Each structure stands twice: as C-alpha cells, then as structure tokens.
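Visitor: Okay, here's what each chain looks like letter by letter:
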Amino acid sequence: MTIQQVVFAVLAVAVIGAALFVVTTGNLFRGALMLILVFFGMAGFYVLLDNGLFAVAQVMIYIGAISILIIFAVMLTRGMQAMIPRNAQATGAAVAAAALFVAIFLAFGPLRLTVDFSAVPVLSALFRTETARTLGDVPWQYANQPVPETYIADFGRALVNINQYLLPFLLIAFLVDAVLAGAVHLARQRKPAELIAERREIAEEEAEEAAALRGAASPEPLPQGAMAATTTQDH
Amino acid sequence: MQNVINGIPLWWYLFVAAALFCIGLYGVLARKNAIAMLMGVELMLNSVNLNLLAFWRYLAPGSQAGLAFAAFIFVVAAAETAVGLALIISAYRSLRSVDPEKLDQLKF
Amino acid sequence: MRTDFAFVGVMLVTAALLMGVTLIAASFLRPKKPNKAKLDTYECGMTTVGDTWVQFRVQYYVLALVFVLFDIEAILLFPIAVAFNSLTLFAVLNVVLFIIVLLIALLYAWRKGALEWE
Amino acid sequence: MDVISNLLKILSDFVADLIRSILGFSPFLADLVTMGLAAVVLITFAALSFMGLTYVERKVVARIQDRVGPNQAGPFGLLQPLADGIKMFTKEDTTPASADRWVYNLAPLVIAVFALASFAVIPLAPGVVGTDLNVGVFYLLAIGSGSIIAILMAGWGSNNKYALLGAFRTVAQLVGYEVPMLLNIIAVVLIAGSMSLIDIINHQTLADGNPGIPHIVYLPLAALVFLISGIAETARSPFDLLEAESEIVAGFHVEYSGMKFALFFLGEYVNALAVSLVFTVLFLGGYAGPILPPYVWMLLKAAVVIFIFMWLRGTLPRVRIDQMHALNWKFLVPMSTVNLILVMIAVKLFPTSEAAARAFGGILVTPAAQALILFTLNIIVLLVSLSLASRAARKQRLAEAELLERRRAANMAAVAP
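Going line by line, the protein sequences match chains Y, U, S and H.
The first sequence runs 1 to 235 under this note's numbering.
The second sequence runs 1001 to 1108 under this note's numbering.
The third sequence runs 2001 to 2118 under this note's numbering.
The fourth sequence runs 3001 to 3417 under this note's numbering.
The shape of chain Y in the complex, shown without the other chains:
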C-alpha cells in the first residue's frame, strides 16, 4: 500500500459517499455542499493523474462558479425544506443504474470473462456472427510515459493551433455568448404586475381547459391559489 493508493482510496470513498448523499438527501443545500466535496475529490484525482492544471481548473470552474450558481438557485427557489427526495420511478431508476454499473464493470473491469453466446438462445440470435466473446481486462495500449514538463504550454498551443482545436476554441466564445444572452433574458427581473398578469392568464387557460374537459356550459371561477401572486419586496 503506497501513500498514493491510500490517498486514492480515501478520495474514492469520500467521492462516492458524497455522491450517494447528493442523490438521496432531502435537504438540497446540504446536497449542494456534498456536491462540492465531490468536485474537490475530483481535483484530488486529477492531481494523482499528474495534471495540476486541471485540478486547479476543476476547483476554479466547478467550486468557484458552478457550485455558486447551484447554491444561488437553491436559495432563489425556496421551498426546498421538506422536499420529497424521490419520485415514483425511483426504484426502477436504482435498478437501471445498478445494472448499468454491473455491465460497465463486467465489460471494462479487471476480470477476464469469456461469454459463450451460442449457449444462450437470445444472445446467439442477437450476435449471430460471434460465438464467444471476451469481456473485461481490456488490453489498453499503455503509453508508459511521464507527462511532459511543458504540458501546460503544449495545451495552450494546441488550443490556438488551426490544425488542432482552434475552431472549438472560438466556438466556445460564441456558445458562451448565446448562454449569457439566453440566461439574462430568462432570469430578468420582472415587474410584479407582469407576473400577476401572467399567472392570471395561466389560471384562465387552466379553467378553460377544465371547462372544456367537463363539457360544462359556464367556465368555472378562477382558482384562488393561482391569483395569490407574491408581490414580496425583493431584497
């Protein structure tokens, strides 16, 4: 057991435990904090992979930017207290996720498995040409090299090299432009009067729908709840 292995094990346990907490908790803010722990653990993995640049970029982008956006959103959409953590398809989702994990592990894990397709009727119909296939213990083409000392500068050069990643690099700028335009439009400050009018419209439509469904002659009165728009003073 080398020190790196110990660090890896600690990070792995922390990351997976925190991730499980994130997807099961009812308290969204604590979930966001645990998500930050996951991001931090990821930065630790990148350090173990000899990539300091991306470890730092991970902290900068995920913890410094994305987490803050998520926490702001959690705080802006209050009512996360007593949140129901899962929906009706949770069991199915858990089974699907577990099945996917087992499948990935069998296909790419360290165990070498030989599956004889001809023995199983369904599989033999699916994979007609092959009779047997080896799963797991993939023979990756290992490079056996250290990371070059100049990997940061190399990466910088590759980003603006026209034969490498110049086009995606420039597209990022336009993507970010579009994101900002859309998000600013969506999250703009709306006047209370505007909001009330919108909600009244929705309520009317819903009432009309309900009336049309029931085939009643007279439309129902507007539901009270829909009208009670908050005009709370923003801080």
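Please note that a few of the clues may not be correct.
To be verified - So, partial list: chain Y residues that the calculated Cβ filter (under 8 Å) puts toward chain U: (1) 29; (2) 50; (3) 87; (4) 97; (5) 101; (6) 155.
As the list claims (entries may be wrong) - A few chain U residues that don't get close to chain S, going by computed Cβ distances all over 12 Å: (7) 1003; (8) 1063; (9) 1072; (10) 1077; (11) 1085; (12) 1095; (13) 1097; (14) 1099; (15) 1101.
Unchecked claim - Per the computed footprint, the stretches of chain Y lying under chain U, defined by three or more beta-carbons under 8 Å from a beta-carbon of chain U, are: (16) 5-13; (17) 157-168.
Don't read these hints as lab results, they were simulated from the structure.
Remember, predicted model here, so these are calculated numbers, not experimental data.
Beta carbons are placed, not taken as given, at the ideal position from N, Cα and C, and that holds for glycine.
Using the hints, position chains U, S and H against chain Y.
Guide: Then chains U, S and H, alone, in the frame of chain Y:
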C-alpha cells in the same frame, strides 16, 4: 501489460468513474426537484471528465486530445448549468414549483 | 503524484487540524450558559418574523452568471498565456477575437440592464 | 553577508537535514514530517502576522483619525492582540437554536483553512517556499473560491435573514471583483511566460540576482486594478459593505461569537496579507532588492502594500452597493479586457526573447524598451477610459438634474392656479 502509475492501475479510475456515472444517472432519473436533477447531471459530467483524463494519462500523456476534450466539458458543463438553472428559476418565478412533473405548461 | 501538490494537501490537513484543535480547546475553556434569549436569532432584538427564506433578487444570479463567463475565459487563457511566446501572430489574433466576442457578451448584458443595480 | 541573506534557506535546510538524519529509516516519513513542520511554520507565521496586523491596523487608523488607539494593555498597547485572543478564547459561544448545526459550525473552519492554504505557494525568500507549483497564480485564484463557499455556508447555516442577505451581497462582490483580478493576472503571466510565482519573480530579476524592472513598470494599470480588486476581494474598506453595521448588522457572520468569530476575522486578515504578498510577487519584484536580505525586502514591500490598504480604510468613505457593482462591471472589467488585448498584441509585436521572435517576426527589443512601450500603452488606456467614464458620469448627472428639474416644474404647475 498491466500498467501502474503512482501505484494505481487504470481500472481503479474507471471503477470510480463508472460508480459516479451510475449514481448521477440515478439522481437524474429519480429526483423530484429540477435542481437536484441538474446535480445528477453534474456528477455524470464529472465522471466523464475523470475517464478522459485517466485515459489521457495512461494511454497518451503526450497528446492534447484528452486535455482539450476535458476542458471543453468544463465549459459545456458551466454553460449547461447556467442555462438550466436560469430556466428553473424562471419557471419557479412563474409557477412556484421546481418539480419537472408539474412543469407541463409549454408556455414558459 | 506530483510531489509539489503533496505539500498543498499537507497544508490543507494541517490547517484544518490546527484550527479544529483551537475550536475544540476554546469549547473547553469558555462558559456555557445558554438561555432562550441567547439562542434566538439575532435580528436587532426584534422577534423574528416569518421565514428566513425571503425572496432574493435574481440580480445576484445574473451577476454570478457573468462571472462564470469570465471564469471560462480564464481557464482557457491561462495555458495560452503560458505558451504565449511561441504563438504565431495568427493565433494571437484569434485569441484577441475570442476575448472580443466575450466582451460583446458583457456589453450585451450591460445593454439589457443585467448589470444595473436597482 | 551571504549567511544573513540566505538565513531562512539555511535554517530550513538545516532542520530538513536534521529530520532526515533522525528518521533515516523511512524517507517517506521524513518527507511527511518535514512538510508538516513547514506547514506549521507557515500557518504560525500567518497567525502571528494576523495578531500583529490587528494591532498595527488599529494604531494606524487611530493616527489617521487623530486618536491614540489601543494603549492600555502593555507598553503602547502592544499586548492588545494577546488580550483580544484571550477574550475570544474564553467568550461564550452561542449557536442559534434554529441554525443548521453542521453547516454553521463548519463554515469558520473552511474559511480559515482556505485562507491559510494560499500561503503554500507564496515564496518568502529564494528557496524558501512551501511548494513551487507550476500553476501557482492559478492555484491562488482557485483557492479563493473556497472562502466564497464558506460565506454561503455561514449565511445559510445561521438561519438569519441578515446573515443570508449579507452572504448574498458578499458573494456577489467577491465573485465580481475576481474578474478584473484574473484578467490582470493573465496579463502578468503573459509577460512572465509562466504561472509559477518563482518564475514570475525571476522575470523581474536580472541574471546576476539584482533587481530588474518590476512588473508595475510594465503594467501600471494592471497593478492598479489588481490593488483595487484585491481590496474588494478581502472586503476591506471602502468595499466593506458586508460589515455595514447600519444596514445588515454585520453581514454573514452576525450570529457568530467567540472563537468562531475569531476564525472569520483571521480569514479576513490572512487574506489581506496574502493579497499584499501576491501583489508584491506579481508587480513589485518579490524578494528581489539590493543590500538588504531578500526576506526583509519581501516583507518590507508587503508592509508598504498593507499600509496602503490601511490608509485607504482610514480615509475613504464606504461605497454604495450599486456604485460598487458599477465600478467593477462597467469600468474595471471592460478596461482590463481592452488592456489585456492591447498588451497581447504589443508583446507579440515587440518580443524580448529570441524564441518569441522566431515564432513570429516582430521587432526584437530589450526588456526596458518593451516595458516602456507597455507602460505608455497602459497609461493611454487608463486616461482614455477615465475620460470616457467621466463623460458618461457627467451625462448621467445632467440627465438626472434635468429629470429633477422637469419634475419640479410639473409640481409647480400643479400647485400654481
């Protein structure tokens, strides 16, 4: 053939990444809150990034492909979160709910 | 593992340990006489009204959003800045184009009033 | 002479050798103990400077405001920080009943740890540095985001309207002022060609070890903006909106008392110290200097920067929140961006090294000539943006005055028969 860097074989990283991806998948499928679903998506993107950088380190440390893709995933993840959360906030302000099952009004 | 980052880890752990020990030591030294008034939320002596989760302005979110834009710019520009001496003029002009396009995004947000406070 | 100038280096090497000879049976353990000891020394240095700074700051601000400042505890009040420490230690610490206990108690720890972590990469003398990361300045920027998370934790964990509001305000401020800061750091990295703090200092030092041209001559505008955003990042006056007692009590740490409050305080001061040290490294040439030993130069330069912080605190009034955001987003950020673009093109057209000239023709110039070109460029950008800003401000004032005038006229018309 078994290649070990810093005492860690490649499949350890793949294992963690797969576990994280599946946890994220569960989060996306099983949560009742749009922000929580977005957190699940973040977990999945992170696991993909871990895979990319692990393969970069073990298979091609001299090339820039793994780094470039990981960097673009950073960018796209940030963009996706920004727009996603703006949508959720906008929907919340109109409808007072962040439950995707309740957001069946195609208007907003 | 890059040994240079090992020290960062040691630093984080040591700082957490030292600060944690300070907190725990203080908890033994200090008096502990809680009463209801002390444990109340401090709002200038007034009784707390309503929920803490008053509605906040979306402005905060929009500012964080513009920040994310520049954060993205930064993680891509730092490696380029390190490699700057070996870039061609064409590459540099493309980087300039990149920054200008982001500046346009900022100007758009400005014109849309996203940067106005009040 | 040589012994004195390399005192820190010799001492640290001696201790490292000692540990290695004692723990010779296990090199790994020896390394771990050495690193742990270095960390403890750095943290102690930061904590002691925090105590010293509180005293100095109170004295300096008192002098500016024509007061005496602390003068009761010990000679000249020198024992005041100690007295404060004892008070903080023995003060009762209340946790509000409605607080989210875990988050509430963890927040001060997180803020202190991340503030101290920045000392891991700051070089204090040649060879005396926690670790020379090749992503040094980037690391410093990233580690700053940890304190933002801690502030949000404190605001949410306290379950208090004022705390949450203060946290929101503070985070909006910190996040905003990080942008001009990183834009200007990119400009410095561009010139130095490396993100390592040691390389950045070396770029400001001549080959024979004498001080060369500091970056403040290359990029005066970047230095100015970095200083302003550094003050805002550490939430010091005039950007101390989070402590606006009259508006939001005391910001996000309103519920904290005793040792936890002390940790927030420590985080604040350690951050200010770190910003001044980083400013010294990035723009003032770090530890390079004639005659005096390097560590003295480093601390002297940092002390000057810190004094500027205190001076500003003593003289400037607090800005309004809308002014604070407008200054950042409408002035500093566009100006820094334009400056960065111009610096990029200028550095490419007038390279100083053979290698850079090979990549693209350009005109090979000496560092002094490049510094002169960039200096002129920076000053031009500064003057142009100042004149643009003052014109826009005048326009706005006139528009406001006109609006007021029109309103008054309307009122008069309504009153008059």
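Visitor: Take the shortest C-beta to C-beta distance between residue 50 of chain Y and chain U; is it under 8 Å?
Guide: The hint holds - residue 50 of chain Y has a Cβ within 8 Å of chain U, the shortest such distance being about 6 Å.
Visitor: Would you assess whether residue 1099 of chain U, listed as outside the interface, keeps its beta-carbon beyond 12 Å of every beta-carbon in chain S?
Guide: 17 Å, holds
Visitor: Report holds if the minimum CB distance from residue 1072 of chain U to chain S is greater than 12 Å, and violated otherwise.
Guide: Per Cβ check, residue 1072 of chain U is inside 12 Å of chain S; nearest 9 Å; violated.
Visitor: Far enough from chain S: is every CB of that chain over 12 Å from the CB of residue 1063 of chain U?
Guide: Its Cβ never comes within 12 Å of chain S, the nearest being 15 Å, so this holds.
Visitor: Would you say residue 1095 of chain U is clear of chain S, with no C-beta pair closer than or equal to 12 Å?
Guide: 15 Å, holds
Visitor: Hey, does residue 1101 of chain U actually stay past 12 Å from chain S on C-beta?
Guide: Per Cβ check, residue 1101 of chain U is outside 12 Å of chain S; nearest 23 Å; holds.
Visitor: Does the closest beta carbon of chain U sit nearer than 8 Å to the beta carbon of residue 155 of chain Y?
Guide: 5 Å, holds
Visitor: Identify whether the interface hint at residue 101 of chain Y stands, where standing means a beta carbon of chain U within less than 8 Å of its own.
Guide: With a minimum Cβ separation of about 4 Å from chain U (threshold 8 Å), the hint on residue 101 of chain Y holds.
Visitor: Go through the hint on residue 97 of chain Y and say holds or violated, using the shortest Cβ distance to chain U against 8 Å.
Guide: Status holds, d = 4 Å.
Visitor: When I compare C-beta atoms, does the stretch 5-13 of chain Y have three or more residues closer than 8 Å to chain U?
Guide: Held - the stretch 5-13 of chain Y has 3 residues with a Cβ nearer than 8 Å to chain U, which meets the minimum of three.
Visitor: Checking the smallest CB distance to chain S, is residue 1097 of chain U really beyond 12 Å?
Guide: 15 Å, holds
Visitor: Under 8 Å is the threshold here; is the Cβ of residue 29 of chain Y close enough to any Cβ of chain U for the hint to stand?
Guide: 10 Å, violated
In this structure, the earlier hints numbered 1, 9, 10 and 11 are contradicted, and the remaining ones agree with it.
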